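Asker: Residues per chain are reported as follows:
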Amino acid sequence: MNTPRSEDDTRSQVLRILGEIAPEADTTSLRPDVSFRDQLDLDSMDFLNFVVALHKEFHIEIPEADYPKYMTLNGCLAQLSAAQS
Amino acid sequence: MPWNPIIKSRRDWETIPNLHDYESVRKEFSWEQARTELDGLPDGQGLNIAHEAVVRHTIGPLGQQTAIRWLGKSGQVEDYSYARLDDLTNRFANTLQGLGVVKGDRVFVLAGRIPELYITALGTLKHRAVFCPLFSAFGPEPIRARLTIGQAKVLVTTESLYQRKVAGIRETLPHLEHVLLIGEEGRPTATPIPGTQSFHQLLEQHPGIYRIGPTDPEDAALLHFTSGTTGTPKGALHVHSAVVAHHITGKLALDFHPADIFWCTADPGWVTGTSYGIIAPLTNGLTSIVDEADFEAKRWYGILQDHRVSVWYTAPTAIRMMIKVGVDLVRKYDLRPLRFLASVGEPLNPEAVVWGEKAFGRPFHDNWWQTETGGIMIANYAAMDVRPGSMGRPLPGIEAGIVKKTESGGVEVLNEPDVQGELALRPGWPSMFRGYWNEPERYKKCFASGWYLTGDVAKKDADGYFWFVGRADDVIKTSGHLIGPFEVESVLIEHKAVAEAAVIGKPDPVAMEIVKAFVSLKDGHEPSEALQRELLGFARTRLGAAVAPKEIAFLATLPKTRSGKIMRRLLKARELGLPEGDTSTLEA
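Chains A and B, in that order, are what the protein sequence lines are. Numbering-wise (the numbering used here), the first sequence opens with residue 102 and increments by one. Numbering-wise (the numbering used here), the second sequence opens with residue -15 and increments by one.
Since the hints were derived computationally from the structure, they do not count as laboratory data. Computed from a predicted model, the values in this text were never measured in an experiment. One or more hints might be untrue.
[As the list claims (entries may be wrong)] In silico BS3-like links for lysine-lysine, alpha-carbon gap of 25 Å or less: (1) Lys170/A <-> Lys316/B; (2) Lys556/B <-> Lys506/B; (3) Lys506/B <-> Lys170/A.
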């Protein structure tokens, strides 16, 4: 088992991954309940790459049917914290 | 043949397909006959796309039928009857009149799939101005290039897209006289922005009655941008008579019947979203579904079920994403009305064609066409056996061949089956492009020995089915869009650290290809992760996510021919681990 990460740590890892896919994005003013794609210039391939990177970073399985749950920052945090608990 | 053909029989047809027998329909077909399915403007005043799509239906019982059912991102559902669409598009045509826009002027739209886009398209066509859609995921640089080349007089866009992508380049667009803005969620703009007017206010101020002026079938109607290997994007120009092809290919290739509820998932920023996302379903009097949101499996299956979609036209990238989600989800939905499934954008792999049967009880029918052809040219039909992986057979009225260039500059037809060559079409169908905007030389280069050369490499089997092989040039096919490497390279070399750039399509299991860039650096700059991210962000800011590279790699030097041309094909061969071929012309 992995040591559970703090929420702050998880958040910063999620934002780091986002920043690697879209380095131009200003993630500091991200609204946590609004979908990434409504705030940042991400296309469907970017989002796919984002989910794949989350899977690698957090060592969790993310079935395709669950992808929509990762469309917002809060959604990601909720999913990741549930998966690690 | 590795994949068994999917045999069609009468049992598959609840509705008799329009193209019930390929050979006989093809034999009897003529474009003149197809033209008679349309009304033409009253008193012999010509042929206008918007009249056929909207006005003619308002007179009879279709007037109150839903023409467009718009599904908003946040769950809104809004129906536009043919009569309401007529009123709104009349208001927009009158708005253009009031702004001093005349026949032939270019009206651009930069917006997501919102109702105003459709009103702009059809209102522009009524006014006999030229409608030009831009993909809303373009960054400022592709937007600037296209507005400049097309000498846009009017731009309709949203407040947010304007602020993010257009305001910063406005000064470089001297031809652009009017910018009409749509506020958040289709509301009027909150506060006036200098140099713009409110789309909705103008619509309210102008009357809902408009008489379409005389329209020659050869009058310019649509300008769609596409990309080549070299040079700037090209604007493929289509004329009003294209509607004959839009209408009849909807019936023959997509099997439109009067009561159909049709959903074309393509964005009107690309040609499919205009020809089949706006025009064809409306000329056929159908109800057309427009979904503002992007792909999401549950949402899509919900739409198919809740709105009782009967004919569905989608794209390989989306189908491959659905395959990843699996069949368990789709089987929870009641999709009984769904009768015909079609796909376009890039070749549909046989697995995906067959997966359609597993998931929906029907195969996907791949078809082939391109921006320049304006409408579907080669297709798999409801009543014709499907050979998975094949693009199908030419539409009635279309002659396709496989050709090879000759030394004299012409082409010769390769009649042997299964021989690879360039896919070519005999010019003369109504939706063929009539030119690249202001680039007659580039247009001329597309034709040889009486054929239009498509730039796609294909094969024809002994039974007349066509099979896609690849591109004849370096254009990248990603998620159903064509991207010109030059447009991407031009932006990368604007970065202070970059000496040279070469861009290729890297094969991808979902998007077919993704854009990958190779760059060499100027003296004093070293490859680093930080620089890689900076370049990625730099390219994305200027080009937008849809065009910018997804991967950037550093190379000390880029391979070149003796004449100094960067060899993208060699980079691609290396990327694929293929033999690099003849390198004798490489730089020493």
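Asker: The structure should be examined with respect to each hint, and the outcome stated for every one.
Answerer: Hint-by-hint comparison with the structure:
1. Lys170/A <-> Lys316/B: holds, 19 Å
2. Lys556/B <-> Lys506/B: Holds - the C-alpha atoms of Lys506/B and Lys556/B are around 23 Å apart, at most 25 Å.
3. Lys506/B <-> Lys170/A: With Cα atoms ~43 Å apart, Lys506/B and Lys170/A exceed 25 Å; violated.
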